[in-house]
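Protein chains in written order, with the numbering used here: chain A, 1 to 250; chain B, 1 to 250.
Read the hints as simulated data drawn from the structure, not as lab findings. Don't take every hint at face value.
[Unchecked claim] Heads up, incomplete: computed chain A residues facing chain B, CB under 8 Å, no partners named:
1) Arg55
2) Val58
3) Gly83
4) Val112
Even for Gly, the Cβ is constructed at its ideal location relative to N, Cα and C.
Number of protein chains: 2
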Amino acid sequence: MLSVVGLGPGSKELMTVRAVETIEQAEVVVGYTGYIDLISKAMLEGKEVLSTGMRGEVERCKLAVERAAAGKNVVVVCSGDPGIYAMAGLVMEILEKRDDAKDIEFEIVPGVPAFCAAAALLGAPLMHDFASISLSDLLTPWEVIEKRLAAAADADFVIAIYNPKSRKRSGHLRKALDIVSRFKKDDTFVGIVNKADREGQNVIISKLGEVDEDKIDMQTVLLIGNNSTRKWNDKMITPRGYAAKYDLDD
Amino acid sequence: MLSVVGLGPGSKELMTVRAVETIEQAEVVVGYTGYIDLISKAMLEGKEVLSTGMRGEVERCKLAVERAAAGKNVVVVCSGDPGIYAMAGLVMEILEKRDDAKDIEFEIVPGVPAFCAAAALLGAPLMHDFASISLSDLLTPWEVIEKRLAAAADADFVIAIYNPKSRKRSGHLRKALDIVSRFKKDDTFVGIVNKADREGQNVIISKLGEVDEDKIDMQTVLLIGNNSTRKWNDKMITPRGYAAKYDLDD
């Protein structure tokens with residue numbers, strides 16, 4: 001049995017009941033060191049834990065598949081949802097290469113994605129059509145990323161930005177904001193959330209023309225509003241359109 | 001205290017620990033009848049339950065705010081995540097109109113969105129940049145929806161379609177698929193998921209040129225792949241790009 005499990009944004013409180021149970025029943029838990037650290041020691045007691053550093057994801061997922069092929073009950077843990085910029089696909093691509101893949105029972109346990117946890121802290125910035133774009137060009141050509149930024153901004157999607165920065169790519173965020181600014185006004189509200197639901201959580205509401213890049217690191221999620229996103233009571237609201245159709249007063 | 005809580009796709013297993021605890025501690029639970037039914041009777045015992053039919057969301061959220069203003073511990077429940085086409089925004093818009101809003105403690109408890117639950121059942125169809133678009137024109141002009149469909153398809157996003165059909169809008173899905181087909185090939189894989197994680201769950205993998213509209217209702221989520229989405233072992237995989245950089249064989 002091989003399960004790819006989303007831990008949600010960080011705390012055990014935002015893990016699903018099924019994620020908790022799946023990890024508890026596993027014999028082997030595989031994951032990036034930073035994600036293993038999100039799981040309580042009590043939950044990991046008596047299990048084989050295989051953790052590797054950040055760029056070790058291929059090695060990690062291969063190890064997990066091998067342990068499962070050898071008959072172990074294996075869990076690969078990811079933060080957020082395993083299907084969003086995480087390990088569900090890579091595990092499947094590794095399974096795909098193996099002749100014994102059909103003998104390995106496989107499941108994906110969805111989780112609360114990072115951008116939903118960020119949105120909840122910001123108020124209600126999503127609420128309407130949205131696009132999610134990663135600025136990492138490790139596995140995607142930068143031209144494709146640029147095209148998606150422009151398309152999403154031009155069609156007035158709310159935009160979630162993942163992987164806004166890394167040690168190697170300090171200029172990408174600036175370029176991305178410049179592209180979005182060709183279509184969205186400088187006073188468009190932008191939510192900037194670091195470490196949602198983890199120690200060190202930080203929530204900022206800024207504007208497209210005023211984003212402070214020093215407040216942003218690799219794990220920050222940015223949520224750029226659409227043309228009707230507003231700020232109220234230190235929260236972002238992207239109205240769905242009810243006020244135009246219904247009386248929202250008492 | 002007023003909490004807007006995401007129940008996740010359906011079963012208690014995919015509720016977060018915090019959602020379960022928040023509902024357990026509430027005195028009043030407010031929600032659409034269909035969502036209230038997702039919560040076990042044991043969890044609701046001894047609570048005031050205020051449920052209304054599908055178009056009653058404004059009335060429901062006003063009631064919830066009034067009960068919270070009167071000092072009750074109130075939970076508004078939504079399926080999926082409360083920030084994605086659900087009640088987080090509407091509750092905030094109603095709060096915004098009240099002079100006593102600052103006296104009402106307010107929180108949003110994120111949940112597993114329907115499209116993530118659908119993706120997990122389909123395999124790994126998201127994995128790369130994606131856009132989410134609702135075909136409901138009750139609150140959004142159809143021209144805006146058309147523009148977003150074209151933009152997302154042209155920039156090769158994976159596309160999640162919410163609200164593909166209703167009794168009043170039988171032609172919208174056909175129009176939407178035609179727009180997407182101007183940019184994506186007819187053999188692009190499309191995942192069609194009904195009632196993810198609920199009784200009656202049904203998962204279909206089809207192609208853009210072959211979507212059977214009879215298999216789709218109001219609550220179906222469609223996930224339209226990007227140009228590299230493939231099918232393997234009755235699952236969808238949208239590769240992230242690892243295979244181009246790493247050796248995925250043993």
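Hint-by-hint comparison with the structure:
Violation of the interface hint for arginine 55 of chain A is found here, the shortest Cβ-Cβ separation to chain B being roughly 10 Å, above the 8 Å cut-off. Hint on valine 58 of chain A holds. Least Cβ distance to chain B is approximately 5 Å, under the 8 Å limit. At about 4 Å, the closest approach between the beta carbon of glycine 83 of chain A and any beta carbon in chain B falls short of 8 Å, and the interface hint on this residue holds. At its closest, the beta carbon of valine 112 of chain A sits 5 Å from a beta carbon of chain B; the interface hint therefore holds under the 8 Å criterion.
When each numbered hint is compared with the structure, a violation occurs for hint 1 only.
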